[in-house]
Amino acid sequence: MSLVYSGVLSHAPGITGRDHLCENTEKRDELHAALDRQRQEIEASGAEALIVMAAEHFANFFMNNMPAFCVGIGEKYSGPIEDPEWLKIPKTDVPGAANLGKRLTKEIMQTVDTAYAEEWKFDHGIMVPLHFLTPRYDMPIIPVNINCQGPPLTPLHRAWAFGEAIRRACDSVPEKVALVGTGGLSHWPATPDSGKINEPWDREFLGRLERHDKEALLSYTDEGTYRDGGQGGFEIRTYIAAAAAAGGAMDLQFYTPDLPIFAVGVCTARFEIS
Amino acid sequence: MSLYYLQKFLYELNRDESFQEKCREDIAAQFDGFDLTEEEAGALEDGDIGLLYVLGVNGQILMHYAAFLGIEWFDYLELMREGIDKHGQVRDGVYTMTGGGDAFTAEDPNK
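If you read the protein sequences in the order shown, they are chains L and E. Be aware that the first sequence starts at 1, since it is given in the working numbering, and climbs by one per residue. Be aware that the second sequence starts at 1, since it is given in the working numbering, and climbs by one per residue.
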């Protein structure tokens, strides 16, 4: 078995970019502690590379050629594409894992038609997680994207199948690989509704992950998610794929709806690998 | 309405530093190849966040563009609300305003 860690975390740009505007610093510090715990757990897993399964925001993919899935097979990447002063993360290079990425992609493609890319510009969806999880940017990264932005979106059951394919691919290589899915719970990002959070919807979704309830997780519709979880709720695809890759129940390590300046209900969690 | 090309223009701008420099010098001179309406071109030339939002530009694209323009966060949110007040509800896409113009962030000085 070479998938040694699977978890999820939030990536909203406000977590770093609007940290200076946060008034609930006690809760903010709890979030930072949870993210640091996640960093330590990934390091303790012995992972040699980290898959960051993200829901990118038109940094690389547009409606001229939008893949349902994409895996990075580049030697190196760069980011953030956003104004570094706005995101409060300096522009940097990030090492890739080209050879491993190609082998994983070859195996994933046995069951899921994924695109692949040797070029990839990281936006906040990957840079915010890396800022906390690999702050020295010394862990080889394999970026992965699921289309959560440009409708028609990747169907949830295909996101699940993609997660299972990633798991099978990871288990076929000798390297130890960690994976994080990163995206929203409910949120209405980049709109005047920014800061709106539907806590009951978040907790219901998190509960389904905790129970590893595949049927319930795949029962969401885009219409219902848009109504109850906002545009950002479409990013549950990354959590669902991470759950499928892990195969086990989720241990919710942190959740709060009380940091609306970050514009999302933020969480960290780890799955049982089974 | 050519929302596709409007968003594609901003997509290219957001991810390409050399294109950003050209746009800073003369944004209208970069419109060749993008099938924009007069209203869309004007919104880009004016950096009119409110109108771009109403025209349906995806919030993730618009947010990055606002950062490029140096617009502070709460000003960005307010510009979108002003756009709704002036031009009506968002005309296309999935980033419509659903909260009635309310602010949802306690730290929001406008709340």
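Worth flagging that the hints you see were computed from the coordinates, not collected in a lab. Be a bit skeptical, because a hint or two may be false.
Claimed, not checked - Computed list of lysine-lysine pairs in DSS-like fashion (alpha-carbon distance at most 25 Å, straight line):
id : chain 1 : residue 1 : chain 2 : residue 2
1  : L       : 106       : L       : 176
2  : L       : 91        : E       : 86
3  : E       : 8         : L       : 91
4  : E       : 86        : L       : 88
5  : E       : 86        : L       : 121
Said to hold, decoys possible - Distance windows between CB atoms, simulated:
id : chain 1 : residue 1 : chain 2 : residue 2 : range
6  : L       : 272       : E       : 39        : 32 to 38 Å
7  : E       : 39        : L       : 37        : 32 to 38 Å
8  : L       : 113       : E       : 39        : 36 to 42 Å
9  : E       : 18        : L       : 19        : 26 to 32 Å
10 : E       : 22        : L       : 84        : 18 to 24 Å
11 : E       : 5         : L       : 223       : 23 to 29 Å
12 : L       : 221       : E       : 5         : 28 to 34 Å
13 : E       : 38        : L       : 46        : 41 to 47 Å
14 : L       : 19        : E       : 20        : 22 to 28 Å
15 : L       : 161       : E       : 85        : 40 to 46 Å
16 : L       : 78        : E       : 28        : 40 to 46 Å
17 : L       : 98        : E       : 35        : 36 to 42 Å
Glycine included, each C-beta is placed from N, C-alpha and C at the ideal position.
Each hint tested on the structure:
no.	hint	result
1	L:106 / L:176	17 Å, holds
2	L:91 / E:86	37 Å, violated
3	E:8 / L:91	23 Å, holds
4	E:86 / L:88	33 Å, violated
5	E:86 / L:121	36 Å, violated
6	L:272 / E:39: 32 to 38 Å	53 Å, violated
7	E:39 / L:37: 32 to 38 Å	50 Å, violated
8	L:113 / E:39: 36 to 42 Å	39 Å, holds
9	E:18 / L:19: 26 to 32 Å	30 Å, holds
10	E:22 / L:84: 18 to 24 Å	20 Å, holds
11	E:5 / L:223: 23 to 29 Å	27 Å, holds
12	L:221 / E:5: 28 to 34 Å	30 Å, holds
13	E:38 / L:46: 41 to 47 Å	59 Å, violated
14	L:19 / E:20: 22 to 28 Å	25 Å, holds
15	L:161 / E:85: 40 to 46 Å	45 Å, holds
16	L:78 / E:28: 40 to 46 Å	29 Å, violated
17	L:98 / E:35: 36 to 42 Å	37 Å, holds
In summary, the structure is inconsistent with hints 2, 4, 5, 6, 7, 13 and 16 from the numbered list given earlier, while agreeing with the others.
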